[in-house]
Amino acid sequence: MNTYDVIWKNFKRNKRSIYSLYIFITLFVLSLFSELISNNKPIVMSIEGYVYYPYIIEYTERDFGGELETTPDYKGYFISDLLENKDNWAIFPLNPHSYNSINFNNSMPNPSPPSSYNILGTDDRGRDVLARLIYGFRLSVIFALVLTAIGILIGLFFGAIQGYFAGRTDLYLQRFIEIWGSMPELYILIIFASIFEPSILLLIVLLSLFGWIGLSDYVRAEFLKGRNMDYVNAARTLGLTDWQIITKHILPNSLISVVTFLPFRISGAILILTSLDFLGLGVPPTTPSLGELLAQGKDNISAWWLSLTTFFVLVGTLLLLIFIGEGIREAISGKSS
Amino acid sequence: MSILEFKDFSVKLTNTNKHIINNLSFKLNPGESLGIVGESGSGKSLTALSTLGLLDKNIFTSSGEIIFDNKNIFNLSNEELSSIRGNELSMIFQEPMLSLNPVKSLNSQINECIELSSNKLTYQDIQDALISVGLTDVNKILSSYPHMLSGGQRQRFMIAMSVIRKPRVIIADEPTTALDVTLQKQILDMLITLKTNLDMSMILISHDINLIKKYCDKIIVMKEGKILEINTTEKIFTNPQHEYTKELVNFKTKTYRDNIINTNELVLETNELNCKYLTKDSFFNNKKVYFKALKDINIYIKQGESVGIVGESGSGKTTLAMSIMHLLSYEGNISICGDINKSRIQINRKLRKNFQIIFQDPFSSLSPRMMIIQILSEGVKNLLDIDNIDDIHNMCISILKDVGLNESMLYRYPQEFSGGQRQRIAIARALILQPKLLILDEPTSALDVLVQESIVKLLLDLQEKYNLSYCFISHDLHLIRKICHRTYVMKDARIIEEGITKKVFENPTEKYTQELIDSSFIC
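Sequence order for the protein chains is G and U.
All letters in the first sequence, in the order written, are residues 1 to 337 by the working numbering.
All letters in the second sequence, in the order written, are residues 338 to 860 by the working numbering.
So that you can see chain G by itself, here it is in the shape it has in the complex (with noise of 0.2 Å):
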C-alpha cells in the first residue's frame, strides 16, 4: 500500500482530527457561498409580473420605476414600499445583511445588542456582526490558504536546490537566507503600510517574502538525506536529469515534512492576518476582518457581542486546524512504528 494510503487510514483512526476535518472543510466550502447566506439583495424577486435577479446582475433604481441611476438599497423605504404589494414579492437570504451594509432603521444606538434583525447585534459603524463574522472568516481561510501556498512553493524551491546541489550552492544560499531572515518583518510592514495604500494583495506579498524561510530548512534537511539514498544514483544510472531526479524521485519523499507543516502553518497565517488588522497594520477598513471586530470589542468593552463572537469563530477555527494537523503528525509518526 502507498505510504500516504497508510497515512490517511490512520488519520482517519484519529476520531477528533477526522471530525475536525470535516467541520472545516464545511465551514469552509459553505462560507465560500457567503454571498448567497448573508446578503443584503435578494436572491429573486418579483415586481409587477417581472422577476429580477438582483444577486446577479445590477439594477438601477430606474429599473423598479424610481428616478436615480443608482444600485437601489434593497432594504430601503424605496424596495419595501414596493414590496409592500401583494403581488410584488422577494426572496432574501437567511442573513439579510452584507458586510458593509448599515442598518439605518435601527432603533439603538450603534453598537446594538443582537435582536431579531441583527442576529448577531451590529458593530459600531451599524454592520451586521454576523455578515461580518462569516465573510470574514472566509477572508482569513482564504489568505491562510494563499499565504500558505506560497510560501510552500517557495520553501519547496530553495529548500530543493539548496539540499540537492549541496556545496557550494548550499553554503551561499545558506548565507542569504540568513541575511534576509535577520531583517525587521514588523518594521518592513509598518513602513510599507504608510507608503502604499493598505490591500490584501500588498499583505500576501510582503508576508510571502519572510513565510518560506522555516520550511525550506526542513526541505533542505530532506533532500541532502535524500540525494544520497541509493535509489537516487539508480536514476542518475538510469539517465534521469536532474530536474527528473529532483521531482520524481526526491520530492515525493520529502512532502511528508510540508504535510505535517501544513495546518500550523494555515492557523499561524490566519493569527497573524488577526494579529496585523487588531494593530490596524493590516486590510484597509471597510474589508471585513476577524482583527477589525477585536478591535472595535476593545474599544467598547461593554457590547459583549463583538469581543465573544469574534473570539468563538477564531478560537473554533484554530483549533480545528491544530486537531487537523496533530491528527496528521500522529498519522505519519504511527507509519513508522
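Hints are supplied without guarantee of correctness; some may be wrong.
Computed cross-link-like contacts, PhoX-like style, restricted to lysine-lysine with a CA-CA straight-line distance of at most 25 Å [what the hints assert, rightly or not]:
no.	chain 1	residue 1	chain 2	residue 2
1	U	LYS441	U	LYS503
2	U	LYS617	U	LYS364
3	U	LYS555	U	LYS572
4	U	LYS344	G	LYS9
5	G	LYS248	U	LYS555
6	U	LYS613	U	LYS457
7	U	LYS839	U	LYS639
8	U	LYS344	U	LYS560
9	U	LYS738	U	LYS802
10	G	LYS248	U	LYS687
11	U	LYS457	U	LYS503
12	U	LYS840	G	LYS225
13	U	LYS613	G	LYS225
14	U	LYS503	U	LYS572
15	U	LYS349	U	LYS394
Because the hints were derived from the structure by calculation, they are not lab data.
Based on the hints, put chain U in the right spot on chain G.
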C-alpha cells in the same frame, strides 16, 4: 547439570497473537559453547534477549520457563534480575557503535560495570580485562570516546565490558557481523580463548553456520521460531537430518568457474584510474586536503566474463563501482564497450544504457513512492526512447519473468516485497535496458544465505542467456569463487593481486590475500 535451560518457551506478539517463538526447549551445560543458526526473522535474537528478561512486556507475551541456575527468570523481581544481568549472564551485541554511549568516555562506561559488580573490582581488573581482549594500550583506550576507536577495537572493548565481572554465561548475538572478514576470525578466536580461560558457557548466535562451526560444541538450527535440528557440530555437518540444515551446510561448494572466456572484445577497460575525495577545504585560502580512494587502477573485463573485486571495507571497491558508473568524478580513462568514455556520456546521456549497476541494499535502492511498473519503465522511456505504453508493459512483463517474478506485481509498491524480491526487481530494472556490463556492488550481502544462493543462481542463468559481463564486488569469497572467472584483490585503494580466481585462491602471492582467504574459512 545444566546452567541454563529453556522449557517449552514461546513468545507471541501481544496485539496480533502471532507466534514468533514456538516451544523452544534446550539445555546449556557448564563450559559448553552452543551455536544458534538461522535466517533473519527466525527468532534467534529474541531468544537471546529473553534470556536476560529484556523483552518488552507490552509488545511480547511469553510463556514457558527459562531456568538459570535453578531459578525461573520470569519469577524474579526486577532487583534480582539486575543482579543477574552482567554479573552472571552477560551479552555482546551485534553493532558496537550502537551499544556504546557516544558521549561518555570509555573509562566511565567500564567503571559503570565495576560499580554494579557484586565483587570488589579494581583498576587492575580493568587492565587485565582489556589486555585479555587484546587492547594493550590500556590508558589510551580508557581516555578515548567510542568514535575514536575502529570497529574491531570497539567490539573488543564491548567484550571486555561483558567479561570483566566474570559471568558464568555469555551470549554473543552476531558479534562479528558488522566487522570485516579478517577481523571476524580474530575476534571469534579471542572470544573462545576467553571462554576457556574464564570457564564460562557461551551461546553464539549467527546467520552463518560455516563461520561458527569451529567454535561450537553443539548447534541449534532455527527457522520461523522453531528448532529444526539440535545436535553436536560434528553430526550437523556429517549427517544433517533436516532438509533446511542440509541446504545450509551444503550450499557452499568448492567448485570454481573454470571455463575460459575466449574473446578479445573488452566491455570495460580502465587506464590509470585515480579518484580522490576532498576531506578538508578552506573558504579563504586554497589549502585543500584530499583522500585518495583509488590509485592507478587498471582493470579490464571481457565480453561475457565475470570479474570479482574483493577487499575489506574502505579499500575503495564501491568508489571503483561509482567511477565506472560515472556517478563521481575521476582522473584517468574508463572506456566501456570500446568507445564510450566520460566526454561522450556527458554529451549523450543515452549511452548509459550499456552499463548498469545493482546496489547493495535493496531497501534503499527502490524509491518507496513508485510502483514497480514506474520503476521499471523509467529507464526504458529515458534511455531507449520507447513511448508506446503497451510496448513498455510487455517489456516489463517479460523482464519480470526473467528474474523469476510475475506480472501481478507490476502495480505494487516496493515495501510490499521481501529483500530477495526487491533485489530481483533491482536486477530487472537494470536488465530491461539490455546492458552489456552489469556492476554488482555487494548484491547479496543484505540478504539471508539461502536467498543469496537463489540470487546467485539467477545471475548465472541471466549471464548465460544474455551474454552479460559482470563486475562483481564483494567481501564474500564464497560468492566470488562461485561466480567469477577472474579476481582482483584490492587493498588501500590499489589493486594488489589479480588473476584467474582459482589461481588467486589457491596460490596467492600476496600475504594479504592469504590472510583474506584464511579468515573466510574457505577451505
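Here is how each hint holds up against the structure:
Our distance criterion of 25 Å between C-alpha atoms is met by LYS441 (chain U) and LYS503 (chain U), whose separation comes to about 23 Å. Between LYS617 (chain U) and LYS364 (chain U) the CA atoms are separated by roughly 56 Å; this puts the pair beyond 25 Å, and the hint is violated. Using a Cα cut-off of 25 Å, the hinted pair LYS555 (chain U) and LYS572 (chain U) holds, with the two alpha carbons roughly 9 Å apart. At roughly 41 Å between alpha-carbon atoms, LYS344 (chain U) and LYS9 (chain G) are farther apart than 25 Å, so this suggested pair is violated.
Restraint check for LYS248 (chain G) and LYS555 (chain U): the C-alpha separation of about 52 Å exceeds 25 Å, so the hint is violated. The hinted pair formed by LYS613 (chain U) and LYS457 (chain U) fails the criterion: a straight-line CA distance of about 52 Å is larger than 25 Å. Restraint check for LYS839 (chain U) and LYS639 (chain U): the C-alpha separation of about 18 Å stays at or below 25 Å, so the hint holds. At roughly 18 Å between alpha-carbon atoms, LYS344 (chain U) and LYS560 (chain U) fall within 25 Å of each other, so this suggested pair holds.
Using a Cα cut-off of 25 Å, the hinted pair LYS738 (chain U) and LYS802 (chain U) holds, with the two alpha carbons roughly 13 Å apart. For the suggested pair LYS248 (chain G) and LYS687 (chain U), the alpha carbons sit about 19 Å apart, so the restraint of at most 25 Å is met. Our distance criterion of 25 Å between C-alpha atoms is met by LYS457 (chain U) and LYS503 (chain U), whose separation comes to about 12 Å. Distance check on the hinted pair: LYS840 (chain U) and LYS225 (chain G) sit about 43 Å apart at the alpha-carbon level, beyond 25 Å; violated.
Distance check on the hinted pair: LYS613 (chain U) and LYS225 (chain G) sit about 22 Å apart at the alpha-carbon level, within 25 Å; holds. Under the criterion of a C-alpha separation no larger than 25 Å, the hint pairing LYS503 (chain U) with LYS572 (chain U) is inconsistent with the structure, at around 31 Å. A threshold of 25 Å between alpha carbons decides the hint, and for LYS349 (chain U) with LYS394 (chain U) the separation of about 11 Å falls inside it, so the pair holds.
Against the hints set out earlier in the document, violations occur for numbers 2, 4, 5, 6, 12, 14.
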